[in-house]
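Engineer: One-letter residues, chain by chain:
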Amino acid sequence: MWRSRQLLFLFFLGMLLTACRRDKDQPIYNPVPYQIDIPFGFPTKLNIPSDNPMTEEGIALGRFLFYDGRLSGRNHPDSLMSCGSCHVQSRNFEAGVDHPLFESGFVHGLNGQQTHHVMLPLVNLVWNHSGYGWNGFLYPENPNPGLRNIEDFVRLAVQAKDEMDADTSRVKALFQTLPGYPELFFNAFGTEKITFKNMERAIAQFVRTLISANAPFDRFLRGEYQLTASELNGYVLFTTEEGADCFHCHGGGGNPLFTTHLFYNNGKDSVFVDSLDRFAVTGDPMHRGAYKAPSLRNVAVSGPFMHDGRFETLDQVIDFYAHQVVYSDLIDPLMHHVLRGGVQLTPQEKTDLKAFIATLHDENFLTNPAYGPPAYFPDESFKSDSHD
Amino acid sequence: MYKSILFLSLLFIWFSACRSNHENEQNPSGEIQLGISHTVDGNPLATDTLQYVNAAGNHYLVSEIQWFLSDLKLEREDGKMVEPTDDMAYYIDTDLPESRSIVLRNLPDGNYRALHFTFGLNEENNRSGLFVNPPESFMFWPDYLGGGYHYMKLNGKWINADGLAEPFNFHLGIGQEYDSSALKSSYIRPNDCCAANHCEGYKPPSKMMPVRAFIQNSFEVTLSQNFVVRHGMKTKLEIEMKVENWFRGKHVYDHNRWGGSIMQQQAAMKQGLENGLDVFALHVTSISDVAK
Chain C
1 MWRSRQLLFL FFLGMLLTAC RRDKDQPIYN PVPYQIDIPF GFPTKLNIPS DNPMTEEGIA
61 LGRFLFYDGR LSGRNHPDSL MSCGSCHVQS RNFEAGVDHP LFESGFVHGL NGQQTHHVML
121 PLVNLVWNHS GYGWNGFLYP ENPNPGLRNI EDFVRLAVQA KDEMDADTSR VKALFQTLPG
181 YPELFFNAFG TEKITFKNME RAIAQFVRTL ISANAPFDRF LRGEYQLTAS ELNGYVLFTT
241 EEGADCFHCH GGGGNPLFTT HLFYNNGKDS VFVDSLDRFA VTGDPMHRGA YKAPSLRNVA
301 VSGPFMHDGR FETLDQVIDF YAHQVVYSDL IDPLMHHVLR GGVQLTPQEK TDLKAFIATL
361 HDENFLTNPA YGPPAYFPDE SFKSDSHD
Chain E
1 MYKSILFLSL LFIWFSACRS NHENEQNPSG EIQLGISHTV DGNPLATDTL QYVNAAGNHY
61 LVSEIQWFLS DLKLEREDGK MVEPTDDMAY YIDTDLPESR SIVLRNLPDG NYRALHFTFG
121 LNEENNRSGL FVNPPESFMF WPDYLGGGYH YMKLNGKWIN ADGLAEPFNF HLGIGQEYDS
181 SALKSSYIRP NDCCAANHCE GYKPPSKMMP VRAFIQNSFE VTLSQNFVVR HGMKTKLEIE
241 MKVENWFRGK HVYDHNRWGG SIMQQQAAMK QGLENGLDVF ALHVTSISDV AK
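Protein chains in written order, with the working numbering: chain C, 1 to 388; chain E, 1 to 292.
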């Protein structure tokens, strides 16, 4: 009897020790939820898919992947391309007109093929509910579940002939072999087995953290900064129909996103031949020649401008809206100055308007290290290929 | 002591439950499904088709209408008002079908004789920052022009005197009274604005003139119509916006006179708003079981 009790005791002790050892050896999957702090005046409704909640670990992994040139599925130095190759932080996550590789900001893929449209900024996208891309072809209600959100944009960019031209199976297989990455995937998603779906999710989480909300105009709204006389004049022009009339599409104090994320034919042309305008998405002939109104945050460094990059400078854009708007039957009704060729601004008004737009320049956003490339990647042998 | 507290607690819960049941028996409730329709000349609005003619003879089309309906109240036949919802305002959009149906639940049974609402937002509520989320936030009315929100954006085009389809933004909101005594040097001169031939004759309004006062333009709408609310039943009502009436009634509104933009033209907004009293109608469309 005594002996059997001893055996039973030893058995339970053994189980306990084994259990303890197993806990100690195995990593624990316990991601920390990430909460976006809503900046003053910003919308509270966020576009975060229910199947990709944001976590600290997911964002950290996403930042590595965003800047890792091996996202192209290749190792050769000439064949590296990451999101950060084109989406440069200091250029509002566009290439910028002064990019060392992409002349005048016209980006091309690894095989040299130029993208159909120029880039859009990656800024405050967590508040975009109306579709991604110049024509909004990725939108949450899309019947095609593969064309709904930023996650899908990651896959499309990796596969696109005019971008990374990569095979997603090869990409995930490559990252599976890179020391450090499987552990990060476990921390973010509970499995070391790397799937491209989880790569999409991680990058999308990182992109959703890219928030610009501390420009001088934000501080003005918070009562921390006084606009100069010229900036105030520009603000009045920006927000009046008889001024520059920007606000209906590009926001203002009541819409600090500085975009509606909606689509407009803004009178650039009278003939419409682009196969990827808004009409390509909706099938509505009234939407020919219509494109997304981009956010004007950090717009001064976001050139080239318009979907086809026809304007290199902000001055050219202001001149267009002031004097060069073109009439067509399809022009958006909000362009009610069209028959006068535009909103007709004086040189002083243009100066003031530009001064106001400069108050949307958020240096914190453009230099925040949390948004920038990491010094080293998880395998500690490879440096970021970002041109920041 | 402990037993006493337990007994009293149970007694309280029992009484509370009884009271709740009693109230439900005393106040049977029904439901209203309030639809919003937009019509022109008695037919459903067809957007982006140039087929309408207003009272001034302007041929026009409508691309979209976005507006606020607020302070919704129902008037019982004894004159008592029922506030059927905690929602202060509803955003209506011709492009968003879900915005054109409002469900009002737990309404007191009885006979009603009218529905009341504010077109736009009343002076007390119409404050900048009230809405932070789209699409409501996209309706913001710039602070320089009075702040708050557009009561309505009615966007379209009309055939102007030159035979061209010119865009118009029939936007209503807070009006401005400009300071005509301000220094003229602060105004924009026509020659500063337009030196090109294609805009010869364009005389911009004195847009930079200082604003002296703001004018609240929202108005209350009373739609007299008998309807009933019955326990377990759903009454379907429809508010109709007769679009053509914005341009006729007390005033014949002529796009050729007012041009494409009126946010800074109180006289134009005033015409539209005074016509607006005859823009809305209320219809009872059906009454059925709530389940249907």
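Simulated from the structure, these hints should not be mistaken for laboratory data. Just so you know, not all the hints are guaranteed correct.
Quick partial rundown of chain C residues pointing at chain E, CB under 8 Å, derived from the structure [unchecked claim]: (1) S79; (2) H129; (3) N255; (4) V273; (5) H336.
Using C-beta positions, here's what the derived DEER-type ranges look like [as the list claims (entries may be wrong)]: (6) C:S104 <-> E:D41: 29 to 39 Å; (7) C:G112 <-> E:D41: 55 to 65 Å; (8) E:R248 <-> C:A370: 33 to 43 Å; (9) C:Q113 <-> E:R127: 45 to 55 Å; (10) C:D98 <-> E:A267: 46 to 56 Å.
Some residues of chain E that are not near chain C, with every Cβ distance over 12 Å (derived) [claimed, not checked]: (11) T47; (12) E64; (13) D95; (14) S101; (15) M139; (16) E166; (17) S261.
Keep in mind it's a predicted model, so treat the numbers as computed, not measured. For each residue, glycine too, the CB sits at the ideal point set by N, CA and C.
Engineer: Are the hints correct? Go through all of them and say.
Structural biologist: Against the structure, the hints come out as follows:
1. S79: 41 Å, violated
2. H129: 7 Å, holds
3. N255: 5 Å, holds
4. V273: Result: violated, 21 Å to nearest chain E Cβ.
5. H336: Result: holds, 3 Å to nearest chain E Cβ.
6. C:S104 <-> E:D41: 29 to 39 Å: The hinted range 29 to 39 Å is violated for S104 of chain C and D41 of chain E, with Cβ atoms some 52 Å apart.
7. C:G112 <-> E:D41: 55 to 65 Å: 58 Å, holds
8. E:R248 <-> C:A370: 33 to 43 Å: 59 Å, violated
9. C:Q113 <-> E:R127: 45 to 55 Å: For Q113 of chain C and R127 of chain E the Cβ distance comes to about 51 Å; the hint holds.
10. C:D98 <-> E:A267: 46 to 56 Å: 50 Å, holds
11. T47: 9 Å, violated
12. E64: 8 Å, violated
13. D95: Violated: least Cβ distance 10 Å, not greater than 12 Å.
14. S101: 18 Å, holds
15. M139: 8 Å, violated
16. E166: At roughly 6 Å from the nearest Cβ of chain C, E166 of chain E sits no farther out than 12 Å, so the non-interface label is violated.
17. S261: 4 Å, violated
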